[in-house]
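Chain order of the listed sequences is Z and L. Following this note's numbering, the numbering of the first sequence begins with 199 at its first residue and continues without gaps. Following this note's numbering, the numbering of the second sequence begins with 7 at its first residue and continues without gaps.
I should point out that these hints are in silico values taken from the structure, not numbers from a laboratory. Predicted model, so just to flag it, every value in this text is computed and none were measured. Check before you lean on any hint, since a few could be wrong.
Said to hold, decoys possible - Which bits of chain Z does chain L cover? Going by a derived footprint, with three or more residues having C-beta under 8 Å, they are: (1) 230–244; (2) 249–260; (3) 299–312.
To be verified - Below are the SDA-like pairs computed for lysine to any residue, each with C-alpha atoms no more than 25 Å apart in a straight line: (4) L:Lys59 - L:Val46; (5) L:Lys59 - Z:Leu339; (6) Z:Lys316 - L:Glu63; (7) L:Lys59 - Z:Asp253; (8) L:Lys59 - Z:Val290; (9) Z:Lys316 - Z:Ala283; (10) L:Lys59 - Z:Pro266; (11) Z:Lys316 - Z:Leu268; (12) L:Lys59 - Z:Thr296.
Ideal placement from N, C-alpha and C gives every residue a C-beta, glycine not left out.
Listed below are the residues making up each chain.
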Amino acid sequence: MSVLVATRPRGGTVTDGSTDRAAGTTAADLPTIEFSTPIPGFPEHRQFVLVRSSDDDPVYTLCSVAEPALRFLVVPPAPFFPNYAPEIGDQVLEQLGTTDPADLLVLLVVTMGDTPAKATANLLAPMVVNRSTRRAVQVILSEDLPIRAPLLS
Amino acid sequence: MLVLTRRSGDSIRIGDEVTITVLDIRGDVVRVGIQAPRSVAVHRDEVYRELRKANEEAAVIDEAAAAALSQALRRPRLP
Chain Z
199 MSVLVATRPR
209 GGTVTDGSTD
219 RAAGTTAADL
229 PTIEFSTPIP
239 GFPEHRQFVL
249 VRSSDDDPVY
259 TLCSVAEPAL
269 RFLVVPPAPF
279 FPNYAPEIGD
289 QVLEQLGTTD
299 PADLLVLLVV
309 TMGDTPAKAT
319 ANLLAPMVVN
329 RSTRRAVQVI
339 LSEDLPIRAP
349 LLS
Chain L
7 MLVLTRRSGD
17 SIRIGDEVTI
27 TVLDIRGDVV
37 RVGIQAPRSV
47 AVHRDEVYRE
57 LRKANEEAAV
67 IDEAAAAALS
77 QALRRPRLP
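Just need the whole structure built from these sequences, with the hints factored in.
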């Protein structure tokens with residue numbers, strides 16, 4: 199995951215040219231994740247960067263390069279849904295340019311409620327990223343999974 | 007909207023690369039086969055709409071609430 203993630207204070211933008219705390223690089227050097235098909239609802243935004251506020255923060259932010267105000271909170275499934283094992287179809291593997299599921303990073307999109315206790319994660323449609331090519335797609339799984347599963351229950 | 011009448015086994019071609027075939031009709035249930043390039047995402051409409059709605063809700067992020075969520079998730083899960 200480390201090659202994909204930049205660490206910066208929460209609220210920092212990705213296109214302000216400021217120096218990245220962790221790597222000492224500028225925003226332009228941040229690894230860009232490219233969605234090969236658009237995220238449903240956001241056809242204009244194909245390029246994102248993955249950031250988090252500190253190394254032990256369980257929550258990552260996926261920020262649009264074109265519009266840094268557009269952000270998704272995402273989490274790795276393992277700490278929250280240990281039994282989550284989505285079946286990624288061959289078509290998705292081909293689209294992401296790999297034949298090896300081990301190349302893939304799976305992230306769940308979080309929807310915040312009024313309080314953290316009401317936050318949910320989308321298990322039906324995870325973001326799947328090829329770690330080496332940084333191509334990504336939001337996959338709608340054919341399994342019967344909730345689109346709003348409570349994160350803290 | 008273009009309206010076409012098709013029988014079981016008949017197809018419709020959309021553009022150069024998408025073909026939709028009526029496979030089976032039983033009562034009010036129609037089974038449809040879709041051939042499309044990998045770059046074309048094909049979904050049941052209600053699932054796609056639900057996902058789009060969920061994404062739009064997820065994209066609205068309040069900084070303070072995001073920080074609170076990080077805190078809440080960090081404490082019980084990661085010692």
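So, going through the hints one by one against the coordinates:
| no. | hint | in the structure |
| --- | --- | --- |
| 1 | 230–244 | holds (count 6) |
| 2 | 249–260 | holds (count 6) |
| 3 | 299–312 | holds (count 4) |
| 4 | L:Lys59 - L:Val46 | holds (20 Å) |
| 5 | L:Lys59 - Z:Leu339 | holds (17 Å) |
| 6 | Z:Lys316 - L:Glu63 | holds (13 Å) |
| 7 | L:Lys59 - Z:Asp253 | violated (31 Å) |
| 8 | L:Lys59 - Z:Val290 | holds (22 Å) |
| 9 | Z:Lys316 - Z:Ala283 | holds (23 Å) |
| 10 | L:Lys59 - Z:Pro266 | holds (20 Å) |
| 11 | Z:Lys316 - Z:Leu268 | holds (21 Å) |
| 12 | L:Lys59 - Z:Thr296 | violated (30 Å) |
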